[in-house]
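A.B. asks: Just so you know, the protein sequences line up as chains A and B, in that order. With my numbering applied, the first sequence corresponds to residues 1 to 351, in that order. With my numbering applied, the second sequence corresponds to residues 1 to 516, in that order.
Hints listed in this document are in silico derivations from the structure and should not be mistaken for laboratory results. Quantities reported herein were computed from a predicted structural model and do not represent experimental measurements. Quick reminder that beta carbons are idealized off the backbone N, C-alpha and C, glycines included. Incorrect hints may appear among the rest.
[To be verified] According to the in silico footprint, chain B covers these stretches of chain A (three or more CB under 8 Å from chain B): (1) 125 to 134; (2) 152 to 165; (3) 189 to 202; (4) 227 to 236; (5) 285 to 291.
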Amino acid sequence: MSHLSRRVFLRWLAASLGTAAGGELLSACGGTPTPDRPLAAPTKFAAPTKITVPTAMAQPAATLMPSDTLVSPTTTAAPAGAPDLVVARGGEPQALVQQALKALGGIERFVKPGNDVIVKPNMCVAYHSYEYAATTNPWVVAELVALCLGAGASRVRVMDYPFGGSADEAYQRSGIKEQVEAAGGSMEVMSRVKYVNTDLPDGVDLHKCYIYDDILKADVVINVPIAKHHSLARLTLGMKNLMGTIRDREMMHADLGQRLTDLAGRVRPALTVVDAVRILMNNGPTGGNLDDVKKLDTLIASADIVAADSYAATLFDLKPDDLAYIRAGVASGLGRSDLSNMKIEEIRVGG
Amino acid sequence: MAVNAKRNSIRSRKRWLALRKIVQMTALLTFVLLFIAARRDGWPPDMVNVPLRLDPLAMLVYSLATRTILIGSLLALITIGLTLIFGRAWCGWLCPLGTVLDIFTPKRHRRKQSSPPEKLRAVKYVLLLTLIIAAVLGNLTLMIFDPITIMARTLSIGVWPAFDQAITSLERTLYGVPFLQEPIGSFDNLMRPAVLPIEPLFYRDTLLFAAVFIGIIALNWIASRFWCRYLCPLGGLLGVISKVAIVRREVREDCTQCAACGRVCPTDTIQPDKNFASDPAECTICLDCWAFCPQSGVGFPAHRSRAVWNDYDPNRRQALIAIGAAVTGLALFKSDATARRENPQLIRPPGARENDLLDKCIRCNMCSRACPTGAIQPSITEAGLVGLWTPVLVPRIGYCDYSCNACGQVCPVQAIPPLSLDEKRQRVIGRAYIDQNRCIAWADHRDCIVCEEMCPLPDKAIKLEKVNVLNAGGTPVTVQLPHVNRDKCIGCGICEYKCPVNSTAAIRVYVPGTVG
Numbered sequence: 001m002s003h004l005s006r007r008v009f010l011r012w013l014a015a016s017l018g019t020a021a022g023g024e025l026l027s028a029c030g031g032t033p034t035p036d037r038p039l040a041a042p043t044k045f046a047a048p049t050k051i052t053v054p055t056a057m058a059q060p061a062a063t064l065m066p067s068d069t070l071v072s073p074t075t076t077a078a079p080a081g082a083p084d085l086v087v088a089r090g091g092e093p094q095a096l097v098q099q100a101l102k103a104l105g106g107i108e109r110f111v112k113p114g115n116d117v118i119v120k121p122n123m124c125v126a127y128h129s130y131e132y133a134a135t136t137n138p139w140v141v142a143e144l145v146a147l148c149l150g151a152g153a154s155r156v157r158v159m160d161y162p163f164g165g166s167a168d169e170a171y172q173r174s175g176i177k178e179q180v181e182a183a184g185g186s187m188e189v190m191s192r193v194k195y196v197n198t199d200l201p202d203g204v205d206l207h208k209c210y211i212y213d214d215i216l217k218a219d220v221v222i223n224v225p226i227a228k229h230h231s232l233a234r235l236t237l238g239m240k241n242l243m244g245t246i247r248d249r250e251m252m253h254a255d256l257g258q259r260l261t262d263l264a265g266r267v268r269p270a271l272t273v274v275d276a277v278r279i280l281m282n283n284g285p286t287g288g289n290l291d292d293v294k295k296l297d298t299l300i301a302s303a304d305i306v307a308a309d310s311y312a313a314t315l316f317d318l319k320p321d322d323l324a325y326i327r328a329g330v331a332s333g334l335g336r337s338d339l340s341n342m343k344i345e346e347i348r349v350g351g
Numbered sequence: 001m002a003v004n005a006k007r008n009s010i011r012s013r014k015r016w017l018a019l020r021k022i023v024q025m026t027a028l029l030t031f032v033l034l035f036i037a038a039r040r041d042g043w044p045p046d047m048v049n050v051p052l053r054l055d056p057l058a059m060l061v062y063s064l065a066t067r068t069i070l071i072g073s074l075l076a077l078i079t080i081g082l083t084l085i086f087g088r089a090w091c092g093w094l095c096p097l098g099t100v101l102d103i104f105t106p107k108r109h110r111r112k113q114s115s116p117p118e119k120l121r122a123v124k125y126v127l128l129l130t131l132i133i134a135a136v137l138g139n140l141t142l143m144i145f146d147p148i149t150i151m152a153r154t155l156s157i158g159v160w161p162a163f164d165q166a167i168t169s170l171e172r173t174l175y176g177v178p179f180l181q182e183p184i185g186s187f188d189n190l191m192r193p194a195v196l197p198i199e200p201l202f203y204r205d206t207l208l209f210a211a212v213f214i215g216i217i218a219l220n221w222i223a224s225r226f227w228c229r230y231l232c233p234l235g236g237l238l239g240v241i242s243k244v245a246i247v248r249r250e251v252r253e254d255c256t257q258c259a260a261c262g263r264v265c266p267t268d269t270i271q272p273d274k275n276f277a278s279d280p281a282e283c284t285i286c287l288d289c290w291a292f293c294p295q296s297g298v299g300f301p302a303h304r305s306r307a308v309w310n311d312y313d314p315n316r317r318q319a320l321i322a323i324g325a326a327v328t329g330l331a332l333f334k335s336d337a338t339a340r341r342e343n344p345q346l347i348r349p350p351g352a353r354e355n356d357l358l359d360k361c362i363r364c365n366m367c368s369r370a371c372p373t374g375a376i377q378p379s380i381t382e383a384g385l386v387g388l389w390t391p392v393l394v395p396r397i398g399y400c401d402y403s404c405n406a407c408g409q410v411c412p413v414q415a416i417p418p419l420s421l422d423e424k425r426q427r428v429i430g431r432a433y434i435d436q437n438r439c440i441a442w443a444d445h446r447d448c449i450v451c452e453e454m455c456p457l458p459d460k461a462i463k464l465e466k467v468n469v470l471n472a473g474g475t476p477v478t479v480q481l482p483h484v485n486r487d488k489c490i491g492c493g494i495c496e497y498k499c500p501v502n503s504t505a506a507i508r509v510y511v512p513g514t515v516g
């Protein structure tokens, strides 16, 4: 050992820094739970400690939607005479979408030329093809994509954050990827870096939540749930489908009805299309048994997410008030459930 | 003129070194590329398995232990053929671990006065013999020392998850810059799931796996390629074959005894006291000595005789040590508590339990790489020392995805059988049990139902019973209590993974079956 040259010094410096950094990284990979996936279901949402996106980033997005406009969830006022809700029955999925949207005032009511659109179907598991009614009908999704592009949308992305299996697998096995890409849309695997801690100024029970940034930034969000059985919520419909826009789903269960309402008030889909081509009567939301599937060839479309869910509940012989999130949604002014007072247009497609 | 010609020849010889380095880097990158591609929906299994099937040690001991020969393992004959011609060229030109060791070699600015004793070279032969004898007796525990499994394991348990964390941190930071959000999003969509996992993967004791690897590299500072010279059992196997290899290093008459070759030899096998001759079992044909020779004193002509046997080469003494070590080791394993009763958490990948995983697994941990949820962890304690680093499913870290059968496809030796997705969905790997003292519904009379919701079986192995009970405050409440139908449960563990109870789950998967 004569003397410590600069090169040697730098090498050792690099090695020690590398070790320190490597140690931190490796310890981050350890088996201990991290903020990415909190295990607890606290009654009050404890914000994960680690966030790299400064809250200042979330602020402008929050101001885009003034908190006092909660009553009208649509981006554009409904044209005079347009129904509150459309039910289309008895045809091919594409035709159901076309007719329902036409009756609702046309896709142009929701999508303006140049809009960036996100279509959010239910692709909650990667287990089965669409026939098992665990995931939204691919042709319903694809037709919506095609309509949006036809109305001049600059791009249409389709995404969901499945809880069983990985996104790429769910996109493929559901059959949605194939149809959406054929229709000119693109599938996006929801990136874990794009969830931002978002304020919910109108939230009653949920005040902060990690929501997918692009869902918040998109010009139009179209919510395309499939109607399914669910043991806690009884049914998973439009409001519950928005669980796919957030990351820490476990904490929603503490007060599912109110928290879904708070979330829907922030995500604010312009249009909700409930796919009831096939519905899952039992063993939801995962499905897998064709005996539990009932083919209805029905589609419900409304700008009011609560109204769409309310009508969908009747397909299962339930009243809207049987569902906690519909009750909470009405109480918070998110939407309506009084089906008898709504202007509902029922159409029969093709025979 | 003569001086010029000599210079030209030295320059052309150095070009061979450049070629060797290119081959080394290509082999290393190919190894990493095949590792990356060894994921669900990645490249075909027969392709990603090539490195492990080229490993003659893995294939030999697997065949000895199981008394079967896999068609794919015949690829190892290529490596043996290569060694019969070029000696340990595998080590000098192809081995990914050897290349990593070359990259992290300290500058040979000072020749160590005291190289480790030559006798130490015998360690690799003792290790090799013990490994082979243990394999004959049906045990593969020592495969943890195979260089290819070391590389694969280090990549899957240490490097890749850490790399993912590093990239994610970087992405998160850059995502805070508004104009970078679009490019970061596109980059992320490009990387996941093709290269990096969509969800972060977690492994137990990642630092341990990294430390083993860093330790092997650190030995380079005692002597270059310390691992290859003294410890590597694959190097030992190829070394023995190299004794009869055709192409061998030879010192020519032009040698002026300048000792330049001895200074550059990475395995330090050039012996000045034996007229700068070398041991073909130690020579990796790296060509450094040939390229750096100021004269033309080194050549690599063809031979047909057997090379000289050295003191440290396999001998009767070593064989006796190996037999003793293997027999003693196995006897001790047999008296280990894990041999009497298995750990209740020793959940094996689908189909592996019935398939005698412990006797077949070569400890490469490629199944961990293939598992999309990070459920498959290298066993540290569950399987005892005998099953060190064999795959075990840890549902609290990751669940067995109902839509995935990747582990059995990727396993190079079918220790995890290659089941079709339908077969795999039927395979029972464990059974779930509810801890009623901690379950939110059972203990606190609050609705939760997450385990039932998550159960992927078409008819749900978890059923809910609606009951009216008095809660702790004496108020009557209706609550849905989960029950596991053990006849249906396959033990995929998604219920345990998703159970919202903090820390240890209130529903846990245990090894299936009962005694007798």
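A.B. asks: Next step is simple, just say for each hint if it's right about the structure.
C.D. replies: Evaluation of the provided hints:
1. Closer than 8 Å: that is the beta-carbon criterion, and the stretch 125 to 134 of chain A has 3 residues meeting it against chain B, so the requirement of 3 holds.
2. Residues of the stretch 152 to 165 of chain A with a Cβ under 8 Å from some Cβ of chain B number 3, which satisfies the need for three, so the listed coverage holds.
3. With a cut-off of 8 Å between beta carbons, the stretch 189 to 202 of chain A has 5 residues touching chain B; three or more are needed, and the interface restraint holds.
4. For the stretch 227 to 236 of chain A, the stated coverage by chain B is satisfied: 3 residues place a CB nearer than 8 Å to a CB of that chain, which reaches the threshold of 3.
5. Counting residues of the stretch 285 to 291 of chain A whose beta-carbon sits less than 8 Å from any beta-carbon of chain B gives 5, enough to reach three: the coverage restraint holds.
In summary, the structure agrees with every hint in the numbered list given earlier.
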